[in-house]
Each structure stands twice: as C-alpha cells, then as structure tokens.
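Visitor: Here is what each chain is made of, one letter per residue.
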Amino acid sequence: MYAQMVKSEATNDDPEKLAEFQAKIDADIKIEPKDWMPQGYRKTLIRQIGQHAHSEIVGQLPEGNWITRAPTLERKAILLAKVQDEAGHGLYLYCAAETLGVSRDELTEMLLDGRMKYSSIFNYPTLNWADIGAVGWLVDGAAIMNQVPLQRTSYGPYSRAMIRICKEESFHQRQGYDAIRKMAEGKPQQKKMAQDALNRFWYPSLMMFGPSDKDSVHSTQSMAWKIKMNTNDELRQKFVDQTVPQAEFLGLTVPDPDLKWNEERGHYDFSEPDWSEFFDVIKGNGPCNTDRLAVRNKAWDDGQWVRDGLLAHAKKKRAGQVAAE
Amino acid sequence: MKNEWPLWEIFIRGQHGMSHRHVGSLHAPDAEMAIKNARDVYTRRNEGVSIWVVEANNISASSPSDKGPLYEPSESKVYRHPTFFDIPEEVGAM
Chain E
1 MYAQMVKSEA
11 TNDDPEKLAE
21 FQAKIDADIK
31 IEPKDWMPQG
41 YRKTLIRQIG
51 QHAHSEIVGQ
61 LPEGNWITRA
71 PTLERKAILL
81 AKVQDEAGHG
91 LYLYCAAETL
101 GVSRDELTEM
111 LLDGRMKYSS
121 IFNYPTLNWA
131 DIGAVGWLVD
141 GAAIMNQVPL
151 QRTSYGPYSR
161 AMIRICKEES
171 FHQRQGYDAI
181 RKMAEGKPQQ
191 KKMAQDALNR
201 FWYPSLMMFG
211 PSDKDSVHST
221 QSMAWKIKMN
231 TNDELRQKFV
241 DQTVPQAEFL
251 GLTVPDPDLK
261 WNEERGHYDF
271 SEPDWSEFFD
281 VIKGNGPCNT
291 DRLAVRNKAW
301 DDGQWVRDGL
311 LAHAKKKRAG
321 QVAAE
Chain L
1 MKNEWPLWEI
11 FIRGQHGMSH
21 RHVGSLHAPD
31 AEMAIKNARD
41 VYTRRNEGVS
51 IWVVEANNIS
61 ASSPSDKGPL
71 YEPSESKVYR
81 HPTFFDIPEE
91 VGAM
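As you go down the protein sequences, you meet chains E and L in turn. Numbered per my numbering, the first sequence spans residues 1 to 325. Numbered per my numbering, the second sequence spans residues 1 to 94.
No lab work stands behind these hints, which were simulated from the structure alone. C-beta: ideal position from N, C-alpha, C; glycine also. Treat the hints with care, since some could be wrong.
Said to hold, decoys possible - Below 30 angstroms or equal to it, Euclidean Cα-Cα: the simulated DSSO-like pairs (lysine-lysine) are:
{"no.": "1", "chain 1": "E", "residue 1": "K30", "chain 2": "E", "residue 2": "K7"}
{"no.": "2", "chain 1": "E", "residue 1": "K316", "chain 2": "L", "residue 2": "K67"}
{"no.": "3", "chain 1": "E", "residue 1": "K283", "chain 2": "E", "residue 2": "K7"}
{"no.": "4", "chain 1": "E", "residue 1": "K43", "chain 2": "L", "residue 2": "K67"}
{"no.": "5", "chain 1": "L", "residue 1": "K67", "chain 2": "E", "residue 2": "K24"}
{"no.": "6", "chain 1": "L", "residue 1": "K77", "chain 2": "E", "residue 2": "K76"}
{"no.": "7", "chain 1": "E", "residue 1": "K17", "chain 2": "L", "residue 2": "K36"}
{"no.": "8", "chain 1": "E", "residue 1": "K298", "chain 2": "L", "residue 2": "K36"}
{"no.": "9", "chain 1": "E", "residue 1": "K167", "chain 2": "L", "residue 2": "K36"}
{"no.": "10", "chain 1": "E", "residue 1": "K317", "chain 2": "L", "residue 2": "K77"}
{"no.": "11", "chain 1": "L", "residue 1": "K36", "chain 2": "E", "residue 2": "K238"}
{"no.": "12", "chain 1": "E", "residue 1": "K315", "chain 2": "L", "residue 2": "K36"}
{"no.": "13", "chain 1": "L", "residue 1": "K67", "chain 2": "E", "residue 2": "K30"}
{"no.": "14", "chain 1": "E", "residue 1": "K17", "chain 2": "L", "residue 2": "K67"}
{"no.": "15", "chain 1": "L", "residue 1": "K36", "chain 2": "E", "residue 2": "K24"}
{"no.": "16", "chain 1": "L", "residue 1": "K77", "chain 2": "E", "residue 2": "K34"}
What the hints assert, rightly or not - A partial selection of chain E residues facing chain L, derived with a Cβ cut-off under 10 angstroms:
{"no.": "17", "residue": "R164"}
{"no.": "18", "residue": "F171"}
{"no.": "19", "residue": "R174"}
{"no.": "20", "residue": "K238"}
{"no.": "21", "residue": "A319"}
Unchecked claim - Listed next, the stretches of chain E that the computed footprint assigns to chain L, with coverage defined by at least 3 CB atoms under 8 angstroms from CB atoms of chain L:
{"no.": "22", "segment": "23-36"}
{"no.": "23", "segment": "88-94"}
{"no.": "24", "segment": "256-264"}
Let the sequences and hints guide you as you build the complete structure.
Guide: Take a look at the structure:
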C-alpha cells in the first residue's frame with residue numbers, strides 16, 4: 001500500500017492505562033492528539049502516516065513527467081489537477097503526523113536521506129501516455145482499497161485526512177480508467193500500448209499491498225490499534241476481484257495465465273507477484289529509486305532560498321508592525 | 001525546527017450562512033501566505049466562500065483530563081432540554 005510493511009513499535013507503558021486505551025479503541029472512540037496514547041502507537045503512526053505522506057509527494061513525479069506531453073489540453077488540465085491533489089494529500093497527511101509530535105522538517109529530512117520509505121510503486125517509470133491511464137486506474141485503484149477502510153482508523157487527525165483524501169481519490173481512478181479506455185478503444189497500436197501498460201503495472205500494483213501478513217505480529221498489533229483495518233491479502237484479493245472485470249470490459253488481458261474465477265471461494269485465484277523484486281525495490285534497487293530521491297533532494301535544496309526569503313520577509317513585516325504600534 | 005514556517009490552523013466557511021469550520025492546518029511564513037496556501041490546499045473543489053487562518057500557537061485548548069469537571073455537570077441537567085416538559089396535547093404545538 002502507500003504505507004508498506006510498517007513495523008509496529010513495542011510499547012512499554014502502564015498496563016492499566018494500556019487497557020483503558022484499548023477499551024476506547026474497541027468502543028470506536030477516536031484518539032485525539034492531546035489524549036494519552038502508548039509510545040508504540042505514537043511511533044508506529046508517525047512511521048505509517050509519514051510513509052503515506054511521502055508516497056503522495058513522490059507519487060507526483062511519475063505523473064508530473066507527462067503533464068507537458070499530455071495528448072490534449074483537456075487531459076493536461078485533468079492531469080495537472082490530479083497531481084495538485086497528490087500534493088494536497090501529502091500535506092493533509094504531514095499535518096496529521098505532526099500532531100503526534102514530529103516536525104515537518106524532520107519528516108522531510110527522513111524522506112530525503114532515505115530513513116523513511118515511500119511506496120515501492122513509485123520507483124517504476126511511466127514510459128508513455130498509456131502508463132498515466134494505468135497509474136490512475138491501477139495504482140490509485142489499489143490505494144483506494146486501503147484508504148477507504150482507513151477512514152475509520154482510530155486516530156482522529158489521520159481519519160479526517162483519509163476522509164478528505166477518499167473524496168478526491170475517486171476522481172483519480174476514474175480519470176485513469178477513462179484515459180486508458182480511450183486508448184483501448186482506439187487504433188490497434190493504441191490498444192497495444194494500453195495492454196503493454198497493464199502488463200507492466202499489474203504486478204507492481206499487487207505488490208503495493210505488501211507481502212502476506214497473516215502471520216505478522218506487527219500487523220496484529222496495528223489491527224488491534226485500528227491503524228490497519230485489513231490484512232494485505234484481503235485487500236489484494238479485493239483489488240483483483242474489482243479490477244479483472246474492468247480489464248475485461250476494456251478488452252485487455254491481465255498478464256497472469258493462472259488467473260481464474262473460483263466459484264467455490266467466490267473470488268479470483270491469481271498469481272503472487274515476484275516478492276524478491278519487491279524487496280529489491282524497497283532496498284533501493286528499483287528502476288527509479290535514485291532518480292526519485294535525487295529530484296526530491298534537488299527540489300528541497302533549490303527551494304531553500306524561497307523558504308528563507310519568505311520567512312525573512314514575514315519577520316521584517318512583523319517587526320515593522322510592532323514598531324508602528 | 002530551525003527555520004520551519006509556523007503552523008496555521010485553517011477555518012473555512014463552506015457556504016454563506018454557515019460558520020467557519022476547522023478543516024486542517026498548514027505551514028506558511030505569514031498570514032497572507034497562509035490564506036493563499038489554504039485556498040490551494042483546502043478549497044480546490046468549491047469547498048469555501050471564506051477563509052480564516054490562525055497561527056496554531058495562538059490557540060489555547062482544554063485538556064482531555066478536564067473532560068469530567070467540564071462536561072459532566074450538564075449531563076444531570078435534563079431540564080435544560082425542551083423534551084423534559086410534558087405539554088398537554090390540547091395546548092397544541094409549542
């Protein structure tokens with residue numbers, strides 16, 4: 001997902017307070033920033049929300065790549081709006097993380113020096129216009145699977161951020177499907193491009209949910225705290241079940257020879273992605289890891305004088321006001 | 001933290017006639033920029049007709065541990081609600 005393999009932190013708190021806290025969570029009472037919370041809950045959430053925020057920000061890069069080359073002015077305006085939304089989503093999430101006591105600069109620095117991760121999916125390139133359709137359809141489609149249940153997460157600011165995000169996310173997926181449908185229904189070469197995009201993005205999209213975590217202690221803890229609402233396998237299955245008919249409608253073939261409807265389970269059977277590739281990408285060896293971080297670092301460094309300048313101006317103006325009073 | 005822009009809490013009036021409601025926060029060097037940024041971050045889809053920005057460190061908040069003393073007294077005062085009083089049917093709507 002946008003936050004993958006988030007390790008939960010051990011908690012070393014007063015058992016009585018812990019029990020009280022868990023009772024609140026079990027009763028679906030939201031935890032707010034000033035409420036008491038276990039250290040582990042706080043730390044795990046900072047890691048998870050931070051990773052989610054970083055994913056939104058880095059996620060602008062593969063799509064931003066095509067803004068100037070969109071095929072029509074309308075597609076360009078749509079893509080621009082979508083990429084602007086991603087920036088907004090990053091900002092909502094950073095603010096939610098900051099309520100837990102981490103500063104924005106700390107979060108940014110941890111992204112830039114690699115201490116914090118972003119989703120593996122954004123380390124894949126967008127090679128042509130069909131990829132932009134595939135990203136909206138598949139990548140945002142996979143993200144929605146996770147984000148919709150997270151609207152009910154136990155931490156108030158996170159939940160409120162997710163509610164805003166989900167309102168906008170449906171536009172992202174639909175514009176992607178609309179873009180790839182145009183190609184799938186176009187000339188044979190265009191349909192071929194759409195198929196090629198699906199071929200390349202299918203397994204990386206399945207990887208977004210992370211490896212199976214049905215036996216993971218981290219996931220069990222996070223689910224008890226309601227900062228993770230479903231297992232990775234549940235969400236992945238839901239995504240496959242939803243997406244396969246959408247691909248069929250387009251006349252495109254999901255690149256999995258073992259994909260078939262399982263009447264008994266009421267779900268599709270499908271092949272697992274290559275998890276060694278996933279771990280390799282997470283480690284920094286994906287096609288675009290170096291480039292993505294280099295671009296973010298450059299943007300941060302190049303923006304330094306703007307941040308400093310505006311702050312200096314604000315201070316000067318304030319000093320002037322005080323003097324005039 | 002050295003040179004971080006201060007945090008601002010953002011309040012938006014969704015439509016005319018409604019109160020401003022807290023929608024989230026953002027960083028900005030001053031109030032003017034906070035309003036500009038709030039417009040981009042929180043009103044991309046006609047969500048507002050007016051924006052208030054307040055620097056976060058100017059907000060004082062009640063403490064969660066005061067919940068009992070602050071709000072419990074009103075729980076026992078059911079007579080503050082109109083439904084506490086029975087009005088005979090013959091009197092009509094009141």
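Visitor: Next pair to validate is E/K283 with E/K7; report whether the Cα-Cα distance is within 30 angstroms.
Guide: At roughly 16 angstroms apart (the allowed maximum being 30 angstroms), E/K7 and E/K283 satisfy the hint.
Visitor: Taking 8 angstroms as the C-beta cutoff, is the stated coverage of the segment 23-36 of chain E by chain L satisfied by three or more residues?
Guide: With 4 residues in contact (Cβ-Cβ under 8 angstroms with chain L), the coverage given for the segment 23-36 of chain E holds.
Visitor: Examine the segment 256-264 of chain E for residues whose CB is less than 8 angstroms from any CB of chain L, and state whether their number is three or more.
Guide: Three-residue rule not met by the segment 256-264 of chain E, so violated; n is 0.
Visitor: Take the C-alpha atoms of L/K77 and E/K34, compute the straight-line distance between them, and say whether it is at most 30 angstroms.
Guide: holds, 28 angstroms
Visitor: Take the C-alpha atoms of E/K43 and L/K67, compute the straight-line distance between them, and say whether it is at most 30 angstroms.
Guide: Holds, at about 26 angstroms.
Visitor: Once the shortest beta carbon distance from E/F171 to chain L is found, is it less than 10 angstroms?
Guide: Hint holds; E/F171 Cβ to chain L Cβ min 9 angstroms, cut 10 angstroms.
Visitor: Let's test the interface hint: is any C-beta of chain L closer than 10 angstroms to that of E/R164?
Guide: Check passed: Cβ of E/R164 comes within 8 angstroms of chain L, closer than 10 angstroms.
Visitor: Would you check chain L against the segment 88-94 of chain E, counting CB to CB pairs closer than 8 angstroms, and say if three or more residues qualify?
Guide: holds (count 3)
Visitor: Would the hint on E/R174 be counted as holding, given a Cβ-Cβ threshold of 10 angstroms to chain L?
Guide: Status violated, d = 14 angstroms.
Visitor: Taking only the CA atoms, is the gap from E/K298 to L/K36 under or equal to 30 angstroms?
Guide: holds, 24 angstroms
Visitor: Has the given pair, E/K167 with L/K36, been kept, meaning a C-alpha gap of at most 30 angstroms?
Guide: Status holds; Cα separation ~22 angstroms.
Visitor: Close enough to count: is the Cβ of E/A319 nearer than 10 angstroms to one in chain L?
Guide: violated, 12 angstroms
Violation of the numbered hints given earlier is confined to hints 2, 6, 7, 10, 11, 15, 19, 20, 21, 24; the remaining hints are satisfied by the structure.
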